[in-house]
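**Student:** Each chain, letter by letter, is given below.
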Amino acid sequence: DAMVIQNPRYQVTQFGKPVTLSCSQTLNHNVMYWYQQKSSQAPKLLFHYYDKDFNNEADTPDNFQSRRPNTSFCFLDIRSPGLGDAAMYLCATSRDLEAYNEQFFGPGTRLTVL
Amino acid sequence: GQNIDQPTEMTATEGAIVQINCTYQTSGFNGLFWYQQHAGEAPTFLSYNVLDGLEEKGRFSSFLSRSKGYSYLLLKELQMKDSASYLCAVNRGDYKLSFGAGTTVTVRA
Numbered sequence: 001d002a003m004v005i006q007n008p009r010y011q012v013t014q015f016g017k018p019v020t021l022s023c024s025q026t027l028n029h030n031v032m033y034w035y036q037q038k039s040s041q042a043p044k045l046l047f048h049y050y051d052k053d054f055n056n057e058a059d060t061p062d063n064f065q066s067r068r069p070n071t072s073f074c075f076l077d078i079r080s081p082g083l084g085d086a087a088m089y090l091c092a093t094s095r096d097l098e099a100y101n102e103q104f105f106g107p108g109t110r111l112t113v114l
Numbered sequence: 001g002q003n004i005d006q007p008t009e010m011t012a013t014e015g016a017i018v019q020i021n022c023t024y025q026t027s028g029f030n031g032l033f034w035y036q037q038h039a040g041e042a043p044t045f046l047s048y049n050v051l052d053g054l055e056e057k058g059r060f061s062s063f064l065s066r067s068k069g070y071s072y073l074l075l076k077e078l079q080m081k082d083s084a085s086y087l088c089a090v091n092r093g094d095y096k097l098s099f100g101a102g103t104t105v106t107v108r109a
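Keeping their order, the protein sequence lines are chains A and B. In this text, residue positions in the first sequence follow my numbering: the first is 1, and each later residue adds one. In this text, residue positions in the second sequence follow my numbering: the first is 1, and each later residue adds one.
Some clues are possibly wrong.
[Said to hold, decoys possible] Below, computed lysine-lysine pairings styled on DSBU-like, alpha-carbon distance capped at 35 Å: (1) K76/B - K38/A; (2) K44/A - K57/B; (3) K38/A - K57/B; (4) K81/B - K38/A; (5) K44/A - K81/B; (6) K38/A - K96/B; (7) K44/A - K68/B; (8) K96/B - K44/A; (9) K17/A - K96/B; (10) K52/A - K17/A; (11) K38/A - K52/A; (12) K38/A - K68/B; (13) K44/A - K76/B; (14) K52/A - K96/B.
[Claimed, not checked] One-sided excerpt, in silico: chain B residues whose CB lies under 10 Å from chain A: (15) T44; (16) Y48; (17) N91; (18) F99; (19) G100; (20) A101; (21) T104.
Source of the hints: derived by calculation from the structure; they are not laboratory data. Predicted, not measured: the structure shown is a model, and the values here were computed from it. We put the CB at the ideal spot given by N, CA and C, even for glycine.
Same shape as in the complex, but just chain B (with noise of 0.2 Å):
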């Protein structure tokens, strides 16, 4: 089976930085990726990685480490507008997505 793992929740206060952790199991890998989603909204595409290391976009950056089946994002001087899901999805190599639960992160004033 596929096993997904990421803390149910985080909260942070504006200006902080917050790191949401994932690891995975999987039956294959053939990469990650971060989403985002808002309440009532779709997903939206953050970072993907394939290679070990740290990807860096604006405030948000994501590493991997394929040897430990782990990955994080980093997000970077909180907005308000950052209190979302935020979604670790795992392709196995079957060009299907496995997805974590999600980790709701609140960012408080």
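Same shape as in the complex, but just chain A (with noise of 0.2 Å):
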């Protein structure tokens, strides 16, 4: 089945070290989204690829960096992880940037910083 896998599932990482999670699809989709969520708050955009373009949200922390490979491939790097990083951390697709393009969501990874 097409798909959006993230891996993995659950990071444990201590406070300052770096940490890199990734996702990958199946869908051959061109846009792909990271956000963050936190508990019982809503999914925040932290940046997304369109293709090789890259576009960051104004109020992303420049701590979030993102590297996308290839069209299966985006990775979500946190240079210096501080408590208030721990959180859900999605990945997404979509098929283009047309407003009635739906999202397709990963399973997510949950980040804990010690």
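Assembly of the complex is requested from the two constituent chains, each provided in isolation within its own frame, with the hints serving as guidance.
**Tutor:** What follows is the structure, given as structure tokens:
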């Protein structure tokens, strides 16, 4: 089945220790998104790629970076995780940027910062 | 800023009907999505409304009034598996989604 896959499902890191979360998709979609979702809060868009074009949200901290080496994979790098970065990180894809294109979400990676 | 409001929690009995309201004030509007999210899982797409009116899809229906900045998701013949969080999300016209915090629906036997 075509899908969005995130690894790992659970990630524990230490304060200040860099961590990378990965996302892959078999949908061949042009757009990939990274969201941060804290408990009982709305998913917050961090950035997205349209093909190789990177688009950062204005309020995304510099601590968060992303890479998309090819259509299928996208990575979220947190350079120096703080306690406030503990959250669920959701990867999503959409076929294109048309308004009616639904976003397909991966299962998420829950990040714990010790 | 973007403002999307929905109730935090709702409880209903198996077989009943529940209506989840969503009001929005956003910088632009190009459609509204409803997603279902079970605990610890990814959000899954339920519906998309861009024109005023009711869209029915099986047990789930979604309504939109653009002039009122208002939508609702109607869940009929509730089943235990419908216990989940329901997220309202607005496409702001810049191809980005702004999400509400979600409404947790608990279905009781």
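**Student:** Holds or violated: K38/A and K52/A, Cα atoms, limit 35 Å.
**Tutor:** holds, 28 Å
**Student:** Would you check the hint for K76/B and K38/A, treating anything up to 35 Å between C-alpha atoms as holding?
**Tutor:** holds, 29 Å
**Student:** How about G100/B: closest beta carbon in chain A under 10 Å, or not?
**Tutor:** Cβ of G100/B sits 6 Å from chain A, so the hint holds.
**Student:** Answer holds if the nearest beta-carbon of chain A is closer than 10 Å to that of N91/B; otherwise answer violated.
**Tutor:** Nearest chain A Cβ about 5 Å off; hint holds.
**Student:** Hinted pair, alpha-carbon criterion (35 Å max): K96/B, K44/A. Please report holds or violated.
**Tutor:** Status holds; Cα separation ~11 Å.
**Student:** Compare the distance between the alpha carbons of K38/A and K96/B with 35 Å, and conclude whether the hinted pair is satisfied.
**Tutor:** Measuring from Cα to Cα gives roughly 19 Å; hence the hint holds.
**Student:** Hint validation: Y48/B versus chain A, beta carbon distance must be below 10 Å. Holds or violated?
**Tutor:** holds, 6 Å
**Student:** For a C-alpha distance cap of 35 Å, please report whether K38/A and K68/B respect it.
**Tutor:** Measuring from Cα to Cα gives roughly 29 Å; hence the hint holds.
**Student:** Was the hint right that A101/B lines chain A, CB cutoff 10 Å?
**Tutor:** holds, 5 Å
**Student:** Keeping to a limit of 35 Å between CA atoms, is the pair of K38/A and K57/B held or broken?
**Tutor:** holds, 30 Å
**Student:** CA of K52/A to CA of K96/B, is that 35 Å or under?
**Tutor:** holds, 17 Å
**Student:** Against chain A, with CB atoms and a cut of 10 Å, does the hint on F99/B hold up?
**Tutor:** Given a least distance of 4 Å, the restraint on F99/B holds.
Hint check: no violations occur; every hint is consistent with the structure.
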